[in-house]
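Undergrad: Chain by chain, the residues:
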Amino acid sequence: TQLLEQSPQFLSIQEGENLTVYCNSSSVFSSLQWYRQEPGEGPVLLVTVVTGGEVKKLKRLTFQFGDARKDSSLHITAAQPGDTGLYLCAGGGGYQKVTFGTGTKLQVIP
Amino acid sequence: SAVISQKPSRDICQRGTSLTIQCQVDSQVTMMFWYRQQPGQSLTLIATANQGSEATYESGFVIDKFPISRPNLTFSTLTVSNMSPEDSSIYLCSVEGNLPSAEQYFGPGTRLTVT
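Just so you know, the sequences run in chain order D and U. Quick note: the first sequence uses the working numbering, first residue 494, plus one each step. Quick note: the second sequence uses the working numbering, first residue -19, plus one each step.
Take these hints with a grain of salt, some might be off.
[What the hints assert, rightly or not] Some chain U residues judged to face chain D by a derived CB distance under 10 Å, without partners named:
hint: 1; residue: Ile(-16)
hint: 2; residue: Pro(-12)
hint: 3; residue: Ser(-11)
hint: 4; residue: Arg(-10)
hint: 5; residue: Gly(-4)
hint: 6; residue: Ser22
hint: 7; residue: Thr24
hint: 8; residue: Gly40
hint: 9; residue: Pro51
hint: 10; residue: Ile70
hint: 11; residue: Ser74
hint: 12; residue: Arg91
Quick caveat, the hints were computed from the structure, so don't treat them as lab data. As the structure is a prediction and not an experimental result, all values here were calculated from the model. Every residue gets a Cβ at the ideal spot worked out from N, C-alpha and C, and that includes glycine.
Next up, chain U with everything else stripped away, as it sits in the complex (with noise of 0.2 Å):
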């Protein structure tokens, strides 16, 4: 297993601001994962963030709006660019677990509400 944290746990931002999200892991990792989730709903995947090469988004999210970092195999950052209401969510991070199974550990996320 992982331990994750996540930096902030809230916050609240004005819309047309940006607010980045730091997830810290306790051992390297090859692959990090960001998601978004709206209060008691499933997860949806943003991002897959890969140490040094560029992150790989799913359909529906662009690197201009959810630009991410990965500079070590500890550490990624989720910035959300822009803000509008609808961007309001819970932002959570993951790292997977050994191959081949595909358990995944999750930080506490963050709960971002834009005004």
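For reference, chain D alone in the conformation it holds in the complex (with noise of 0.2 Å):
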């Protein structure tokens, strides 16, 4: 079974800060996925990230995949109230199962 841990599961910071959230694992992933989802919807993809040690930048977020293709990491800078939200990465798909990750739960207080 491939897992994908993601750290931390709880973030409570101030509008302004910075913050990296991580997705751990240790299978190889074809591809990997960001979303974000805000309460009463479904989630949003962000970005797909799919060559070891691509970087992706989207505004204030930053996607990067590990060289390895295991892990990513999302960066937010200068966080705002807009960016709370369940995080959640997911790896594989399209020939390969998908997984989700545990899910990091943003909160940026104004």
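Both chains come to you apart, so use the hints to assemble them.
TA: Take a look at the structure:
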């Protein structure tokens, strides 16, 4: 069974602070996705990374895929209240079964 | 991307009854997925539904408890049968993006409370 452990589980920070969320596994994934979910809604795709060592930026969010394609990180610069939500990584898909991470609940306090 | 709607958005049901959740996609898709999620936690895959064949269930989920229909390429239903309070959860349907990437697009979810 492929497992994706996220850390931290919970994070409460002040607006303007930086943070990093980690997604780790002992398995190799063909690709990895990050999603954000707000209460009452389904997860929304933020990014897909497919190449080991790949770095993608989405405004204040920076995503990195580990060289061995077993782990990933999400870094948020100058967090805003709109960043509040549940962040989920997910590995696999396509011809590989999708596994969702354990989730990181982020609260950004104004 | 795909636009997915679910009905109902929420429901409160009595134990022993059944609820059918509908999932509609705005484009034709081969596979649809049904997940269960406790609020604030990760997603657990219930089953994969292909049009024209029986759904494939994950370990711990059985067809008698969670029958699924997939009558065409844009629609699916999940029934939660003989409900108990332990079935209280959020139920989400999703579809996969274009291969080989693994992106999934989710409906807004159905929040079920069983009393």
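Undergrad: Run the structure past the numbered hints and jot down the numbers of the failing ones, going up.
TA: Result: hints 2, 5, 8, 9 break, sorted rising.
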